[in-house]
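Novice: So the protein lines, in turn, are chains U and A. Numbered per our numbering, the first sequence spans residues 1 to 154. Numbered per our numbering, the second sequence spans residues 1 to 485.
Some clues are possibly wrong.
Claimed, not checked - FRET-style restraints, in silico, Cβ to Cβ:
hint : chain 1 : residue 1 : chain 2 : residue 2 : range
1    : A       : Asn398    : U       : Gln154    : 51 to 59 Å
2    : U       : Ser74     : A       : Thr170    : 32 to 40 Å
3    : A       : Ala130    : U       : Glu70     : 45 to 53 Å
4    : A       : Lys374    : U       : Asn39     : 38 to 46 Å
As the list claims (entries may be wrong) - In silico DSS-like links for lysine-lysine, alpha-carbon gap of 25 Å or less:
hint : chain 1 : residue 1 : chain 2 : residue 2
5    : U       : Lys109    : A       : Lys331
6    : U       : Lys129    : A       : Lys166
7    : A       : Lys140    : A       : Lys294
8    : A       : Lys289    : A       : Lys331
9    : A       : Lys278    : U       : Lys104
Unchecked claim - Computed far set for chain A versus chain U, every beta-carbon distance over 12 Å:
hint : residue
10   : Glu53
11   : Ile64
12   : Val137
13   : Asp187
14   : Met196
15   : Lys239
16   : Val277
17   : Thr290
18   : Asn334
19   : Asn396
For the record, the hints were derived by calculation from the structure and aren't laboratory data. All C-beta atoms in this analysis are idealised placements derived from N, C-alpha and C, irrespective of residue type, glycine included.
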Amino acid sequence: MDNKILFYGYGNPGRQDDALGIRFIDALQIWVEEQGYSNIFFESNYQLNIEDADTISNYDLVYFVDATVEEINSFGIMDVELSNAQVEFTMHAISPGVVLSLCKQIYNKVPVASTIHIRGFEWELEFDKGLTKRAEKNLQDALKYTKKLLEDLQ
Amino acid sequence: MNKKITIEPVTRVEGHGKVTIHLDEQNQVVQSRLHIVEFRGFERFVQGRPYWEAPVLVQRLCGICPVSHHLAAAKALDMIVGAGTGDGLTPTGEKMRRLMHYGQMFQSHVLHFFHLASPDLLFGIDADPALRNVVGVAIKHKELAVQAVMMRKFGQEIIKATAGKKIHGTGAIPGGINKHLTQTEKDSFLNGEDPMNVDKMIDWSLGALEFFKGYHAENKDLIDKFAAFPSNHLSLVRKDGAMDLYHGVIRAVGANGERVLDDVESHTYLDHIDEEVKTWSYMKFPYLKTIGKKDGWYRVGPLARMNTADFIPTPLAQKEFEEFRAYTNGKPNNMSMHQHWARLIEILHSAEMMKQLLNDPDLMSGELTTTGTKGREGVGLLEAPRGTLFHHYRINDNDQIDLANLIVSTTNNNTPMNTAVNLVAKQFMNDQSEITEGMMNAVEVAIRSYDPCLSCATHALGKMPLEIKLIDATNKVIDRKLKNG
């Protein structure tokens, strides 16, 4: 497969299950290196921001990976739609849809983009606790699914 | 029937805030408040932890300005490891930290101006929200959006090179820094392919200033009168009066320029500053003890720094500083919207400082750390993007932190933000029977000019809805709007 794929995890790893996106990237990166896949790349940060429009412009396929409070079973995958930021209210972070829209406007590119949202449960500053058990299970579910997906794509 | 309008949370302000605007029967604004409805209790989280962990741990408080917390904590711990009160580090240790700090200042200010302020300036406060955003800027003013993206990226790369990584950086440690800058990194920042080099960053910083000044010339009423009010101003300054965003003595001036706090050592801050608690907000209200609770509140941040400093020690920013100060005949500038102007001057200053530091050989060699006689208590202050940031720690016999006190920049600006909200509410909402999107945004524009970071919240997908409530005098919700974040 020639397509360049980016997995972009975000969240604050100091806040329990908000680390799901970052932990997903850490684990998947090790596995991808073991498999020898050369077309898959990784990025992590606290949150998405405007400069990520430049980052994703270099890829054909982008997966944004984040924790979610949605009441889903374990994890979900959704296509990212272009967004004009109308409903943004946090001043220092933007959504995958806005990143995609900026990429389109600035670089005239729209990579195929999806979100992998993994359900979390606790979000407080608990230095020694890490992920909750339920979030850890959801993380493993998402990783298992994604590894199978990548094997099929290769 | 009295009405209370609640805007909750404040759009495009980090974390959760709530604005309530009370109207009387004649639709006159009688009271407005910015409530902070979340309480994190940051200080207790680090108690019991080994002190050397603090510079990394405190970054968990905030995904927006982790570098500022990282450096302020490291500065406080410098005192504990006997590395002095800000002037005892090795040249390499101090200069690497400064480079990290100016990279942070640069990228943070760029985000605020281009992402948050410029849509309001380019399209108008009451413009269609569908256009008044960063994507709208990209559609209508592509060159500005390109600059914003690449300037942010440059600042982020500086942070990565000095802090070691983007998330939970480890660069600053008690007594110094843990790495040098490599030749490759230096070359990349100084001579990188266009536009990713520091000279282009300086050019674009000048361009952004020209853009603002052009806008100001055509919109003097808005920029000069919107949420303008007299106040004290506080910041660190270098001992010779120069602007210094990394270290200095505390100086405060009154609304007319009189010196109300005269260059006191930063570790003595408790002798001069106290915090008042009010029942309707979890955020405290700092004030200068010598003046008292009622009138001792002060502004911090870019505008305050322009008012306290005698000069800026880089040539291009100094030229802009002189023009800024001349606009008010050398008197303190009390116009809230001029914070954008001040912020742009600091972007330019930060770019110049980055260039100066990148050309300094101390970054690539020399001792990284220093130590001395160990102490029990440490105080670290710096000028974060949003204003003066205070970190204060005390340790016990087991090297565990047993006291922590943090006064973050936004807390320092608590009373000024409330004052701005009240002024704008009266200006825009008196005699109005309906509250329009533009009026609500006017209130938010006043708050945004302070670039507040209210609670350092998590960013889980779907976690932050925007809720707007309309409540009558009996506390009945008569209207409610919800937008999903």
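Novice: If a hint holds in the structure, say so; if it does not, say that too.
Specialist: Now for the hints, and whether the structure bears them out:
In this structure, A/Asn398 and U/Gln154 meet the distance hint of 51 to 59 Å, their C-beta atoms being roughly 53 Å apart. Restraint check, U/Ser74 to A/Thr170: a C-beta distance of roughly 33 Å satisfies the suggested window 32 to 40 Å. Roughly 26 Å separates the CB atoms of A/Ala130 and U/Glu70, a value that falls outside the hinted 45 to 53 Å. Range check, A/Lys374 to U/Asn39: about 52 Å between beta-carbon atoms, so the 38 to 46 Å window is missed.
The straight-line distance between the Cα atoms of U/Lys109 and A/Lys331 is roughly 49 Å, outside the 25 Å bound, and the hint therefore fails. In summary, the hint linking U/Lys129 to A/Lys166 is supported, as the alpha carbons are separated by about 22 Å, within the 25 Å threshold. Only pairs whose Cα atoms come within 25 Å are accepted, and A/Lys140 paired with A/Lys294 is rejected, the gap being roughly 46 Å. A hinted pair counts as satisfied when its Cα atoms are at most 25 Å apart, and A/Lys289 with A/Lys331 qualifies at roughly 24 Å.
For the given pair, A/Lys278 sits about 47 Å from U/Lys104 by alpha-carbon distance, which is inconsistent with the 25 Å threshold. Not every CB of chain U is more than 12 Å from the CB of A/Glu53 (nearest about 9 Å), against its label as outside the interface. Non-interface status of A/Ile64 relative to chain U is broken: a Cβ of that chain comes within 12 Å, the nearest being about 4 Å off. For A/Val137, the condition that its CB be more than 12 Å from all CB atoms of chain U is violated, with the nearest at approximately 9 Å.
The non-interface label for A/Asp187 is consistent with chain U: the shortest C-beta to C-beta separation is roughly 21 Å, beyond 12 Å. Not every CB of chain U is more than 12 Å from the CB of A/Met196 (nearest about 10 Å), against its label as outside the interface. Against chain U, the non-interface label of A/Lys239 holds: every CB pair exceeds 12 Å, the least being about 33 Å. A/Val277, annotated as away from the interface, keeps every beta carbon of chain U farther than 12 Å; the closest lies near 22 Å.
Distance check on A/Thr290: its Cβ is at least 34 Å (rounded) from any Cβ of chain U, clearing the 12 Å threshold; non-interface status holds. Annotated as non-interface, A/Asn334 keeps its C-beta farther than 12 Å from every C-beta of chain U; the closest such distance is 24 Å. Look at A/Asn396: its CB is around 18 Å from the nearest CB on chain U, clear of 12 Å, so calling it non-interface holds up.
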